[in-house]
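**Student:** As a plain string of letters, each chain reads:
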Amino acid sequence: MRALSAVNLLLALGLSPLLLGIINRTKAVISGRSGRPLLQVYFDLAKLLGKGAVYSRTTTWVFKAGPIVGLAAVLAALAVLPLGGVPALVAFPGDVFVLVAFLGLARFALICGALDTGSSFEGMGASREAAFSALAEPALLLALLVFVSRTGTYSLSRMYVWPGAGDWLASGPVLILVVIALFILLLSENSRIPVDDPNTHLELTMIHEVMVLDHGGPDLAFILYAAALKLWLFSALVVGAAVPTGLGSPLLDELAMLAGMGMCAVAVGLVESTMARLRLPRVPQLLTAAGAFAALALAILGR
Amino acid sequence: MQLWLDAVFVLIMLTNLSLLAASRMRLIIRAAAIQGVLLGLLPLLFSLEGSLAANLGFSAFVLGIKGLGFPWLLTRTCRRVRITPEIEPYIGYNFSVILGIVGLLVSLWLEHRLDLPVRVSGLSVSAAFMTIFSGFLLVVSRKKAVTQVIGYLAAENGIFLFGLSLAPHGPMWLELCVLLDIFVAVFVMGIAIHNIGREFDSVDIGAVDSLKD
Amino acid sequence: MGLFLASLAVLLAGAVLAPMAGRGRAANFFGATGAFLGSLLGLAFACLQLAAGGEALWSAPWAMPLGRLSLGVDALSAVFLLPTFILGAAAALSGHSALKGQAGRRPLGAHWFFVNVSIAATALVPAARDGFLFLVVWEVMSVAPFFAITLRDEDSRVRHAGWVYLLAAHLGAACLVALMALFYARAGSLDFALLAGGAAGPSVALFVLALVGCGAKAGFVPFHVWLPEAHPAAPSHVSAFLSGALIKTGIYGLMRIQTFLGAPEAWQGYLLLALGLTTALFGILFALAQRDVKRLLAYSSVENIGLILTAIGLGYLGLAKGFGAAACLGLAAALLHVINHALMKGTLFLAAGSVLHGAGGTIIDGLGGLGRRMPATTVAFAAGALAICGLPPGNGLVAELLMLLSAATQAAGRTFPVALAAWGAVAGLALVAGLALFAFTKAFGLSFLGEPRSPAAAGAHDPAGGERAAPLILAGLCLAAGLCAPLLFQAVLPAAAIVARTYPAGAAEGAALGTASLTWLSLAAVGLILLVAALAFVRSRLLAGRPVGRGLTWDCGYLAPSPSMQYSSGSFAAPMTGLMRPVLRTETDLAAPEGIFPARAAIESETPDWLLESVSEPVFGAVARFCDALKALQHGRTPIYILYILATLVALLAWRLG
Numbered sequence: 279m280r281a282l283s284a285v286n287l288l289l290a291l292g293l294s295p296l297l298l299g300i301i302n303r304t305k306a307v308i309s310g311r312s313g314r315p316l317l318q319v320y321f322d323l324a325k326l327l328g329k330g331a332v333y334s335r336t337t338t339w340v341f342k343a344g345p346i347v348g349l350a351a352v353l354a355a356l357a358v359l360p361l362g363g364v365p366a367l368v369a370f371p372g373d374v375f376v377l378v379a380f381l382g383l384a385r386f387a388l389i390c391g392a393l394d395t396g397s398s399f400e401g402m403g404a405s406r407e408a409a410f411s412a413l414a415e416p417a418l419l420l421a422l423l424v425f426v427s428r429t430g431t432y433s434l435s436r437m438y439v440w441p442g443a444g445d446w447l448a449s450g451p452v453l454i455l456v457v458i459a460l461f462i463l464l465l466s467e468n469s470r471i472p473v474d475d476p477n478t479h480l481e482l483t484m485i486h487e488v489m490v491l492d493h494g495g496p497d498l499a500f501i502l503y504a505a506a507l508k509l510w511l512f513s514a515l516v517v518g519a520a521v522p523t524g525l526g527s528p529l530l531d532e533l534a535m536l537a538g539m540g541m542c543a544v545a546v547g548l549v550e551s552t553m554a555r556l557r558l559p560r561v562p563q564l565l566t567a568a569g570a571f572a573a574l575a576l577a578i579l580g581r
Numbered sequence: 010m011q012l013w014l015d016a017v018f019v020l021i022m023l024t025n026l027s028l029l030a031a032s033r034m035r036l037i038i039r040a041a042a043i044q045g046v047l048l049g050l051l052p053l054l055f056s057l058e059g060s061l062a063a064n065l066g067f068s069a070f071v072l073g074i075k076g077l078g079f080p081w082l083l084t085r086t087c088r089r090v091r092i093t094p095e096i097e098p099y100i101g102y103n104f105s106v107i108l109g110i111v112g113l114l115v116s117l118w119l120e121h122r123l124d125l126p127v128r129v130s131g132l133s134v135s136a137a138f139m140t141i142f143s144g145f146l147l148v149v150s151r152k153k154a155v156t157q158v159i160g161y162l163a164a165e166n167g168i169f170l171f172g173l174s175l176a177p178h179g180p181m182w183l184e185l186c187v188l189l190d191i192f193v194a195v196f197v198m199g200i201a202i203h204n205i206g207r208e209f210d211s212v213d214i215g216a217v218d219s220l221k222d
Numbered sequence: 002m003g004l005f006l007a008s009l010a011v012l013l014a015g016a017v018l019a020p021m022a023g024r025g026r027a028a029n030f031f032g033a034t035g036a037f038l039g040s041l042l043g044l045a046f047a048c049l050q051l052a053a054g055g056e057a058l059w060s061a062p063w064a065m066p067l068g069r070l071s072l073g074v075d076a077l078s079a080v081f082l083l084p085t086f087i088l089g090a091a092a093a094l095s096g097h098s099a100l101k102g103q104a105g106r107r108p109l110g111a112h113w114f115f116v117n118v119s120i121a122a123t124a125l126v127p128a129a130r131d132g133f134l135f136l137v138v139w140e141v142m143s144v145a146p147f148f149a150i151t152l153r154d155e156d157s158r159v160r161h162a163g164w165v166y167l168l169a170a171h172l173g174a175a176c177l178v179a180l181m182a183l184f185y186a187r188a189g190s191l192d193f194a195l196l197a198g199g200a201a202g203p204s205v206a207l208f209v210l211a212l213v214g215c216g217a218k219a220g221f222v223p224f225h226v227w228l229p230e231a232h233p234a235a236p237s238h239v240s241a242f243l244s245g246a247l248i249k250t251g252i253y254g255l256m257r258i259q260t261f262l263g264a265p266e267a268w269q270g271y272l273l274l275a276l277g278l279t280t281a282l283f284g285i286l287f288a289l290a291q292r293d294v295k296r297l298l299a300y301s302s303v304e305n306i307g308l309i310l311t312a313i314g315l316g317y318l319g320l321a322k323g324f325g326a327a328a329c330l331g332l333a334a335a336l337l338h339v340i341n342h343a344l345m346k347g348t349l350f351l352a353a354g355s356v357l358h359g360a361g362g363t364i365i366d367g368l369g370g371l372g373r374r375m376p377a378t379t380v381a382f383a384a385g386a387l388a389i390c391g392l393p394p395g396n397g398l399v400a401e402l403l404m405l406l407s408a409a410t411q412a413a414g415r416t417f418p419v420a421l422a423a424w425g426a427v428a429g430l431a432l433v434a435g436l437a438l439f440a441f442t443k444a445f446g447l448s449f450l451g452e453p454r455s456p457a458a459a460g461a462h463d464p465a466g467g468e469r470a471a472p473l474i475l476a477g478l479c480l481a482a483g484l485c486a487p488l489l490f491q492a493v494l495p496a497a498a499i500v501a502r503t504y505p506a507g508a509a510e511g512a513a514l515g516t517a518s519l520t521w522l523s524l525a526a527v528g529l530i531l532l533v534a535a536l537a538f539v540r541s542r543l544l545a546g547r548p549v550g551r552g553l554t555w556d557c558g559y560l561a562p563s564p565s566m567q568y569s570s571g572s573f574a575a576p577m578t579g580l581m582r583p584v585l586r587t588e589t590d591l592a593a594p595e596g597i598f599p600a601r602a603a604i605e606s607e608t609p610d611w612l613l614e615s616v617s618e619p620v621f622g623a624v625a626r627f628c629d630a631l632k633a634l635q636h637g638r639t640p641i642y643i644l645y646i647l648a649t650l651v652a653l654l655a656w657r658l659g
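Chains as they are written, first to last, in the numbering used here: chain A, 279 to 581; chain B, 10 to 222; chain C, 2 to 659.
So here's chain A without its partners, still in its complex pose:
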């Protein structure tokens, strides 16, 4: 089991950029283009890691610390993330809350790095990021509280044993609500459409992209990789709720989970192909809706 946990962590480290590739490929196929290579993100990372850097004269150590702390925090969060009924490398009671705190640290580092440039555009992105993620946080914790409440455990590795085979028949409505809530949070926390458009070229409409305008070279590579890992992390949370564990053999579970991760990326691609970005004042409504789904799931479970 320990070996399998380590394998899962390595899979996350290795395959997370692939998720972005799948999303882009899905969008390309739907719009009838041939699109970028599936492995484009790997090429980008390699290219960026090989470059030098240019720093603004305004910036201080905070700017340089931002990408490092951000990547470290996401890596630390990955250490407590289970996949497919296989416990995480590190599991302890309360790790579900610590995971959220690590994601908060990554955000703090990114926002401070953006503000360190003194650019009004980056200030704008930082302000939006802080506002939207403040609203996303209660929704995320409520969604995870469904698992706590259902299993009576406080560690992600132990609570994500639910849903097992057959649980979808017993508590289908709850699971659907949780999956929807977590999926909305995946979209918003990873700056995907309909909250933020990763492909836009107008700085005024950006959230995440505008915060990293001034980063380059290895710093940008760190940020890009951290974003990919964060996408993997949220996908794992969604897939863990959607795909039942305990299908018979560990190998079968593992394959089901990986297939689920792929499907999740395709689903993100489908959403991005069919929806437009929401107007910014509408985003809080989307996040409130995610919170509403999670609260409803809790209510049904808790009665």
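Please keep in mind that the hints were generated in silico from the structure rather than gathered at the bench.
No residue lacks a Cβ here, since even glycine has one placed at the ideal position from N, Cα and C.
Any given hint could be a false lead.
Going by beta-carbon spacing under 8 Å, a handful of chain B positions derived as facing chain A [unchecked claim]: (1) 107; (2) 108; (3) 132.
Rough simulated footprint, nothing fancy, chain C against chain A, three-plus residues with beta-carbon under 8 Å [as the list claims (entries may be wrong)]: (4) 301-309; (5) 407-417; (6) 459-469; (7) 495-502; (8) 532-544.
Chain A is fixed; fit chains B and C onto it per the hints.
**Tutor:** Only chains B and C this time, still in chain A's reference frame:
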């Protein structure tokens, strides 16, 4: 069967939230229609005592009025009077949804406290209370006459649901009477709004204040 | 106990020597040294007492009719002594060098007298073992800071802030006097040992009086109004002490008085939980909307008091509903946050003081770019901000984690109304944490990063000596408290047990759960630090030998960027202040640009505390008018006073005999 019932109640709760979140006339009418259809499905799922034909008939009646009749009337009114598509709330959409959730939690607590002799899925009473709350919230927090009517409709849906879950077969005739009243009310409303809209420029109830002197 | 008395003696010696030495450097030296040494002695005592356990007692015969001079320090008192003495020492260190430049121009002797008396009184409140003594030291603790706050009394806003503070403190104290009178009427004594035995019995009225009395001191909404007025007006070392230590006595009072009232009931838990979440949300939202760093910090204190109250509420709920684990975790979280918040808020207020000193102001829209000019202060403020947002490896996360665990155990119990409260607590805590991150990225990012927005900020510099060292030391303590969280948790468990009196089943599991969780949290924090170091190494190896240039910030092609184009405090907070308009009631004044070539445009936004304007000021105004009316009795003519005495005597005789 329990799973399906749960699913329908959850969907009813979600339609309540979408009633509160809707920012366009078209969306809110659609949400009300979906709620009507869901209510129409309930008598079938409850596996009521009585003949299948009666249940089918009841279901078809509810579905026809709440799911098709009212929405059609409302849409027609909106089109005739050329109401602007925005809803113009006094309370913002986010806060409305949050209040809706609070309403749900209060409903759960009420259900817990009242300990009613419910025959069906434990969610039904909560769903009923929540629907009533959301309906009244719509009535007090929206400016337009049409949205107020939709609010009353939702409140009535809640009462209907409450009656259905407490006594699935008993006071069906009572329900029918209430339904008829509402039907007449909506009908009158349609005519009234139509006429008001012809006489005056807007159907904003905030403007009614100016008549009071 | 000898150590404690020695510490008080040193504090009071400093208080007496300072004014005797005049108003110059000597007064500054004597006052600060007394405060520093006295606080260190007291800190040593509190730590030893916590380690040894049990209760240290001391009493002396006293000729007052109602009270005895009786002191005692048990685990609960010792926990509350820690922030007092830590911040007392830090305030002395920082205040000494901050006030050096003002020697002779301001009455420093009198200032240190009141600071030292404040520290001593704040330490005596948790140590008092008699109701009458408690009231006396409470009153001293309330009055002495008034004079410490109004050091810059030539400013009318400072005087106004002082009055708001004094009124709020006395409305609270009036409730406590009534409370003690009722205790005396019921139990016939004000001896805490007797009262703790349950001599007074449970009572709703007593609980409400305690809540209002202590709430006015601690700053629960709607009694928080004095905090955002007093903290910006006070010198920073005084703000740090007020915000970190003095307001915590309100929490102490609430906890101690609860032990006299018997086991808490469920409604008390619900009430405190709701009040706590409201206070926390209200505080952090208003913090976000502030333009002044010190006001922002003051509102953040309101938020943290709300968090402590939430934790107490969770604990009481656990006690009343039989969730031992939740009770233990909740109460321990409250006590830990009392200590941790003192460290964080001390860091932040002292760093803000350095900013005030170095950059000439604390209005965010006049700051910026301090990171290059005040490196030491920047590091301290960054560490404090990180900790107070509840992010690892800081100490703010500790209590938050325990609170969430406490709520989670109650949610997992799935007994209905308790679970409902637990969900609300989890959602509320998450929202507060998210908003705290927003508020403190604003405070840190806009003040310390970017380009300076004013000439004063461009010429800013780190202060020297103790003023520079004190926030750094406290920031180090924040990190240490985060890494030693399991040890601190073990240390406060006896104090939590005193509040709980008897735990329902499951408390041991709760303690084990908390210890395990915090141990792993500390390990995770260490792992994080190692990861950061490793990645920094990787980055420096990657960049070694490659071209690393410096240039302008990318300005999207605009040719003439200026510092005033940066995001301002109002625009940074705008997404949330817009969304929360119903709560915040932000007032915006817009002069929109007009015409094809607009000459000028302006926008101004302000978020005044509407609770202060619409609730508290009318109340305070009524009190002031009432007191003015009482002035009619004061003629200053001796015969009339004799007449009063005569009338009182006759009335008393008539009452006694009739």
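**Student:** With reference to the structure, classify each hint as holding or not holding.
**Tutor:** Tested hints:
1. Below 8 Å, beta-carbon pairs count as interface contacts, and residue 107 of chain B has one with chain A at about 6 Å; its hint therefore holds.
2. For residue 108 of chain B, the interface hint is violated, the least distance from its beta-carbon to any beta-carbon of chain A being 11 Å, above 8 Å.
3. Given the 8 Å rule on beta carbons, the hint for residue 132 of chain B holds: about 6 Å separates it from the nearest Cβ of chain A.
4. A stretch counts as covered by a chain when three or more of its residues have a beta carbon under 8 Å from one of that chain; for the region 301-309 of chain A and chain C the count is 0, and the coverage is violated.
5. For the region 407-417 of chain A, the stated coverage by chain C is satisfied: 9 residues place a CB nearer than 8 Å to a CB of that chain, which reaches the threshold of 3.
6. With 0 residues bearing a CB less than 8 Å from a CB of chain C, the region 459-469 of chain A misses the requirement of three and the coverage assertion fails.
7. Coverage of the region 495-502 of chain A by chain C holds in this model, with 4 residues showing a Cβ closer than 8 Å to a Cβ of that chain against a need of three.
8. Coverage of the region 532-544 of chain A by chain C is violated [criterion: at least 3 residues with CB-CB distance below 8 Å; count 0].
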